[in-house]
Amino acid sequence: MNVKFRVSAVFLFLLCQLGAASSAWAELPDFREIVREASPAVVKIIVEQAASKAGQGQRGSQEIPEELRRFFEFRGGPPSQQPRMGMGSGFIISKDGYVITNNHVVEGADSVLVRMNDRREFDAEVIGSDPRSDIALLRIDAAGLPTLDLADDEDLEVGEWVLAIGSPFGLDYSVSAGIISAKGRSLPTERNENYVPFIQTDVAINPGNSGGPLFNLEGEVVGVNSQIFTRSGGSIGLSFAIPTSVVRHVVDQLKKNGQVTRGWLGVTIQDVDKNLAESFGLKRPRGALVAEVSVNSPASNAGVQTGDIIVAFNEKAISDSADLPHVVGLIAPGTSVVMEIVRDKKRKFLNVEVGGLDADESVSLAGGEFNQDGKGRLGLVVETLPQESLEQFGISGGVVVKSVKPGSVAAVADIRVDDVITLIDTNPIKSVEVFQQAVDELKKGNSVPLRLIRRGSPMFIGLRIPD
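Quick note, our numbering runs 133 ahead of the 1-based positions in the sequence shown.
Watch out, some of these pointers could steer you wrong.
Calculated pairs, DSS-like style, for lysine-lysine (alpha carbon to alpha carbon, straight line, at most 30 Å) [as the list claims (entries may be wrong)]:
| hint | residue 1 | residue 2 |
| --- | --- | --- |
| 1 | K577 | K538 |
| 2 | K577 | K535 |
| 3 | K228 | K389 |
| 4 | K416 | K481 |
| 5 | K479 | K407 |
| 6 | K449 | K316 |
| 7 | K407 | K316 |
Honestly, the hints are just simulated from the structure, not real lab data.
Please read all numbers here as calculations on a predicted model, not as lab measurements.
Based on the provided sequences and hints, a complete structural model is requested.
Spelled out as structure tokens, the structure:
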């Protein structure tokens, strides 16, 4: 091969590589038009909090796990000397001045200022806020304002490009981009409330981005940035946004009523694991297992029973227990819907009229005397629950676990001391004698559901009897 031919071949190869690279670059999204058109409707939220309140911290921040952070930035001197100034983000949704931001941005604020990217500033009125969804609705006295549209978040797909605009660390109208990492993420609070199916992204989000919009490539808002997962306090590529389906539902109610009422079913639920799926006759783990039904609740009125597995609600599949509050919470109280359940290993459909959300109370276990009986087939020592504890839990019978033998069937199933057992398979447990009889009747190799109350919360455990 002569030198001229070699040079030509190398040159042709380089041209092909450059062509491939140019083609790949051409496929990358161009965010410039979105930024130009959307930025005028993105605002900076500046709040002032009195010194006496500033020392207390944010109430909402105590309700989320330690490594989940609501990224709101406070600045100012020591709270004992002067008020503190806080900064977040938001965006305008109507020409007459309605603005969306996070509840935790304006919670406890004495004054709220909205600053636009053309440097105009307006005092804002808090129309209403909703701690459960972390959404707040503000209004400023202005007209003819630039606005943003809320898209349908159900069209979002994992891997899709998204863009955020906000004021991280006070750096006004900063832009960052990334992709949708997951949908429907459940981030329960310490109150065990779980009404937001968060959008997870890898967009760089930092303190000051709170309440800012998350855009799709059409320039439409698909979410409101709310939380990040971090060990350092800054972005590590795990951020969470409130989807517009929730935002729209909350904002409509805040406009009309200044507060939010959610759909309520009145059940305590848990996930279905492999053992429980087998014991309830399911081919695979799915649905929300009903561990308790509240008295006079929509669920009890519809005939829902403890041990039912809810697999669909209002024509939406329930893959795991976290899906149920997401679906129920968006349904207006008084609406009648169809619920699909599995009971006694058979499908069943129930009509239920959704109620309004109420707060549930929990109780703690009152212990009793230790019983020295043998641990028996399951490896448990149990005692009949005293009458005062039955009244406290609102149950008619049960036995309390006093000892668990290491390595036993009970230990493998994660039954713990002070658990109250109320049901084994289909047998209500009223006393130690009934418990022992139910255990003796268990067949080798079978999996059965066992219902118990742990620290005031009912739950099911799959119990597998060895061959």
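Hints violated by the structure (numbers, ascending): none
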